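Using the sequences and the accompanying hints, generate a full structural model.
Here the sequence shown is numbered in my numbering, starting from 2 and rising by one per residue.
Don't take each hint at face value.
Okay, derived cross-link-like pairs now, PhoX-like style, lysine-lysine, Cα gap no bigger than 25 Å in a straight line [unchecked claim]: (1) K234 with K221; (2) K113 with K187; (3) K53 with K234; (4) K207 with K63; (5) K115 with K187; (6) K53 with K207; (7) K63 with K39; (8) K53 with K214; (9) K39 with K187; (10) K187 with K205.
Hints in this document: simulated from the structure, not taken from any laboratory.
A quick note: this is a predicted structure, and the numbers were derived from the prediction, not measured.
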Amino acid sequence: MKAILVLFLSILPMPSLADTFTSHCRDFSPHLFFENGKCIGILPDLVTDIFKDMGHEIQWVKVPWIRSLSNARQGSVDLLIRHSMTPEREDFLHAIPYAHDNRRLSFYKSRKFKADITSYEDLKSVNIGYIRGHFYSPTFSTLDMSRNTPISKTEQLVAMLEFGRIDVAVTSSSHSISLFEGRFDKATFVDDFFNPLFISIPKKSKAANLHDKVSSIMLKYRQSGRINQYFEKYGLAGPETKGSDPSVY
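Below, the structure is given as structure tokens:
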């Protein structure tokens with residue numbers, strides 16, 4: 002009888018084992034933020050459901066973005082959420098598009114800097130302060146950074162501008178522009194551009210083999226309009242797509 006039971010159990014389909022994957026979170030409400038020690042927002046809710054669909058869980062850890070990129074290169078984090086893509090990041094990330102925004106870069110001037118900025122050509126001759134490791138725009142990325150000043154935190158960038166240690170600071174709605182508005186004079190020049198947004202699985206992480214599956218589920222969420230419910234829950238309109246094919250950004 003025991004032998005028959007063992008044989009019966011051996012032919013039953015075995016359930017796949019659930020894995021817990023690590024994702025980094027930071028404060029950028031309503032897209033992602035911590036509340037009572039828990040990471041919530043549009044993106045945490047969305048990717049939690051996608052991984053739950055696959056039978057997996059996510060452990061959220063609060064980590065600054067610059068360290069997230071470093072960990073992603075090493076493969077010591079499994080998922081990064083809400084970011085732009087650059088050629089450098091493509092080397093170590095499997096990217097999955099989920100939405101886009103229309104980003105506008107603005108340039109705020111030190112009180113010691115009297116000239117206006119009207120073009121990227123003007124920016125080539127000034128000392129620009131920017132946050133190290135952050136993406137601003139495709140054109141901004143082509144500037145010669147050797148003459149400019151990388152800063153670790155936005156608060157430090159504001160202080161550098163206040164004391165005139167930089168000529169201008171670059172910022173946008175993704176980079177705490179509210180800390181500059183009304184405090185410094187704004188240059189005439191702005192850089193408007195279409196900015197695809199991604200979640201990514203680092204190529205060296207233990208979740209790397211899930212990239213195709215996660216991409217497929219994300220595409221279904223977008224094509225069906227299901228992704229809109231995550232934005233609407235936090236008071237934002239659902240993401241538009243560029244062109245008729247939502248898989249193309």
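Status of each hint after checking the structure:
no.: 1; hint: K234 with K221; result: holds (19 Å)
no.: 2; hint: K113 with K187; result: holds (13 Å)
no.: 3; hint: K53 with K234; result: holds (19 Å)
no.: 4; hint: K207 with K63; result: holds (20 Å)
no.: 5; hint: K115 with K187; result: holds (11 Å)
no.: 6; hint: K53 with K207; result: holds (17 Å)
no.: 7; hint: K63 with K39; result: holds (9 Å)
no.: 8; hint: K53 with K214; result: holds (12 Å)
no.: 9; hint: K39 with K187; result: violated (37 Å)
no.: 10; hint: K187 with K205; result: violated (42 Å)
Of the numbered hints listed earlier, those contradicted by the structure are 9, 10.
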